[in-house]
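Protein chains: 2
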Amino acid sequence: MRTLNPILLNKKDFISYGDVLSTQNSDSIVINDGYAQKHFNLATLDATQNGGKSALHIYVAKERKFPLKINMLEKHPYFSQAFIPRSTKPFLVLVCLGEESPDLNTLQAFITNGEQGVHYKKGVWHFPLISIENNEQFMVLDRTDCGIKENKIVECIEHYFDADIKINLLKEVKCNELS
Amino acid sequence: MRTLNPILLNKKDFISYGDVLSTQNSDSIVINDGYAQKHFNLATLDATQNGGKSALHIYVAKERKFPLKINMLEKHPYFSQAFIPRSTKPFLVLVCLGEESPDLNTLQAFITNGEQGVHYKKGVWHFPLISIENNEQFMVLDRTDCGIKENKIVECIEHYFDADIKINLLKEVKCNELS
Numbered sequence: 001m002r003t004l005n006p007i008l009l010n011k012k013d014f015i016s017y018g019d020v021l022s023t024q025n026s027d028s029i030v031i032n033d034g035y036a037q038k039h040f041n042l043a044t045l046d047a048t049q050n051g052g053k054s055a056l057h058i059y060v061a062k063e064r065k066f067p068l069k070i071n072m073l074e075k076h077p078y079f080s081q082a083f084i085p086r087s088t089k090p091f092l093v094l095v096c097l098g099e100e101s102p103d104l105n106t107l108q109a110f111i112t113n114g115e116q117g118v119h120y121k122k123g124v125w126h127f128p129l130i131s132i133e134n135n136e137q138f139m140v141l142d143r144t145d146c147g148i149k150e151n152k153i154v155e156c157i158e159h160y161f162d163a164d165i166k167i168n169l170l171k172e173v174k175c176n177e178l179s
Numbered sequence: 001m002r003t004l005n006p007i008l009l010n011k012k013d014f015i016s017y018g019d020v021l022s023t024q025n026s027d028s029i030v031i032n033d034g035y036a037q038k039h040f041n042l043a044t045l046d047a048t049q050n051g052g053k054s055a056l057h058i059y060v061a062k063e064r065k066f067p068l069k070i071n072m073l074e075k076h077p078y079f080s081q082a083f084i085p086r087s088t089k090p091f092l093v094l095v096c097l098g099e100e101s102p103d104l105n106t107l108q109a110f111i112t113n114g115e116q117g118v119h120y121k122k123g124v125w126h127f128p129l130i131s132i133e134n135n136e137q138f139m140v141l142d143r144t145d146c147g148i149k150e151n152k153i154v155e156c157i158e159h160y161f162d163a164d165i166k167i168n169l170l171k172e173v174k175c176n177e178l179s
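Line order of the protein sequences matches chains Y and B.
27 is the number that this note's numbering gives to position 27 of the first sequence; each next residue is one higher, with no gaps.
13 is the number that this note's numbering gives to position 13 of the second sequence; each next residue is one higher, with no gaps.
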């Protein structure tokens, strides 16, 4: 059995997969006559191939149980995808390199610091949303025509496997690291 | 002097200006093997005219002082714009109809219920972000090339006026209504 221990999400280690969405370590300017600090261009959404449009959804997530068994990964060949939590609760991110199929040797789990969101590049292998808390709201950005039959694109490629892989959530360690 | 009292934000009264972004009264499906409820297509972002791309920013807002004097409105001719608070705190929205200039007879102030965000249609007159709390984070969706000189578009048209208009924040009423 292989057990993955998440590391704290950071720009450097996530760069192959996409963007960390955060006011920390980002460029910003003062706007609105001093009433807002704009942390700009944290992500450029990539959804326009084959006539697509960027769309906003809200996911209400259920908590996952740990250790979490990993038996699949998915990717979206026609759009990038962003997840931003509304709360200040951490969540988990599991990503993997590979083209036609995921290279499981490159599996990497991250835990956010509560403020961070993520933006997966188009085509990056990842596990679906992993919330630690129940009824967490996430803002999700991808593409409008997912699931609309009249203008169908391949919205999701799923890859299942038999490897015995689990993600640990060391809650005590995590809370200490994040505090 | 003219005083505006915000009404609670709702789809019906906001339809001329754009979308209310909320899990309430929205279509949803179960995804992720039961681990997420997806409230889908709450907004279709409109930023691609003249080669634009949708972008995500985070604004950290300062609290406004009330009554708030209104002496300008702005609009963005090349993109729609969404604001979603990360907290569960209400914020104010001030919108107006009109083409070349705002028709001040149609000024309408809204207060959100804490869960809601807003998406202004392209070209809708509005007042900049009105946060009631200090250091509130808002996810903002519009367009990447704002302010980039090499690919400059008219990102913002501002209209100033002399009318003596103020927005009241009846905090006690608001809290009762929202609770």
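The hints are simulated quantities; they were obtained by calculation from the structure and are not laboratory data.
Any given hint might turn out to be false.
[Claimed, not checked] Lysine to aspartate or glutamate pairs mimicking DMTMM-like chemistry, simulated, CA-CA at most 25 Å apart:
(1) K69(B) x D33(Y)
(2) K62(B) x E136(B)
(3) K69(Y) x D27(Y)
(4) K65(Y) x D33(Y)
(5) K89(Y) x D27(Y)
(6) K53(Y) x D27(B)
(7) K62(Y) x E155(Y)
(8) K89(Y) x E136(B)
(9) K62(Y) x D33(B)
(10) K69(Y) x E100(Y)
(11) K65(Y) x D33(B)
(12) K65(Y) x D27(Y)
(13) K62(B) x E115(Y)
(14) K121(Y) x D33(B)
(15) K53(Y) x E155(B)
(16) K89(B) x E136(B)
(17) K89(B) x E63(B)
(18) K53(B) x D33(B)
(19) K89(B) x E133(Y)
(20) K166(B) x D27(Y)
(21) K89(Y) x E99(B)
(22) K62(B) x E133(Y)
(23) K11(B) x D103(B)
(24) K89(Y) x D103(B)
(25) K89(B) x D162(Y)
(26) K122(Y) x D33(B)
(27) K89(B) x E155(Y)
(28) K122(B) x D33(Y)
(29) K65(B) x D27(B)
(30) K65(B) x D33(Y)
(31) K65(Y) x E133(Y)
(32) K53(B) x E63(Y)
(33) K62(Y) x E115(B)
The structure displayed is predicted, hence computed values, not measured ones.
Consistency of the hints with the structure:
{"no.": "1", "hint": "K69(B) x D33(Y)", "verdict": "13 Å, holds"}
{"no.": "2", "hint": "K62(B) x E136(B)", "verdict": "7 Å, holds"}
{"no.": "3", "hint": "K69(Y) x D27(Y)", "verdict": "38 Å, violated"}
{"no.": "4", "hint": "K65(Y) x D33(Y)", "verdict": "46 Å, violated"}
{"no.": "5", "hint": "K89(Y) x D27(Y)", "verdict": "24 Å, holds"}
{"no.": "6", "hint": "K53(Y) x D27(B)", "verdict": "19 Å, holds"}
{"no.": "7", "hint": "K62(Y) x E155(Y)", "verdict": "23 Å, holds"}
{"no.": "8", "hint": "K89(Y) x E136(B)", "verdict": "16 Å, holds"}
{"no.": "9", "hint": "K62(Y) x D33(B)", "verdict": "11 Å, holds"}
{"no.": "10", "hint": "K69(Y) x E100(Y)", "verdict": "22 Å, holds"}
{"no.": "11", "hint": "K65(Y) x D33(B)", "verdict": "13 Å, holds"}
{"no.": "12", "hint": "K65(Y) x D27(Y)", "verdict": "36 Å, violated"}
{"no.": "13", "hint": "K62(B) x E115(Y)", "verdict": "18 Å, holds"}
{"no.": "14", "hint": "K121(Y) x D33(B)", "verdict": "23 Å, holds"}
{"no.": "15", "hint": "K53(Y) x E155(B)", "verdict": "20 Å, holds"}
{"no.": "16", "hint": "K89(B) x E136(B)", "verdict": "9 Å, holds"}
{"no.": "17", "hint": "K89(B) x E63(B)", "verdict": "12 Å, holds"}
{"no.": "18", "hint": "K53(B) x D33(B)", "verdict": "32 Å, violated"}
{"no.": "19", "hint": "K89(B) x E133(Y)", "verdict": "20 Å, holds"}
{"no.": "20", "hint": "K166(B) x D27(Y)", "verdict": "33 Å, violated"}
{"no.": "21", "hint": "K89(Y) x E99(B)", "verdict": "43 Å, violated"}
{"no.": "22", "hint": "K62(B) x E133(Y)", "verdict": "29 Å, violated"}
{"no.": "23", "hint": "K11(B) x D103(B)", "verdict": "21 Å, holds"}
{"no.": "24", "hint": "K89(Y) x D103(B)", "verdict": "43 Å, violated"}
{"no.": "25", "hint": "K89(B) x D162(Y)", "verdict": "45 Å, violated"}
{"no.": "26", "hint": "K122(Y) x D33(B)", "verdict": "22 Å, holds"}
{"no.": "27", "hint": "K89(B) x E155(Y)", "verdict": "34 Å, violated"}
{"no.": "28", "hint": "K122(B) x D33(Y)", "verdict": "22 Å, holds"}
{"no.": "29", "hint": "K65(B) x D27(B)", "verdict": "36 Å, violated"}
{"no.": "30", "hint": "K65(B) x D33(Y)", "verdict": "13 Å, holds"}
{"no.": "31", "hint": "K65(Y) x E133(Y)", "verdict": "10 Å, holds"}
{"no.": "32", "hint": "K53(B) x E63(Y)", "verdict": "33 Å, violated"}
{"no.": "33", "hint": "K62(Y) x E115(B)", "verdict": "18 Å, holds"}
In summary, the numbered hints that this structure violates are 3, 4, 12, 18, 20, 21, 22, 24, 25, 27, 29, 32.
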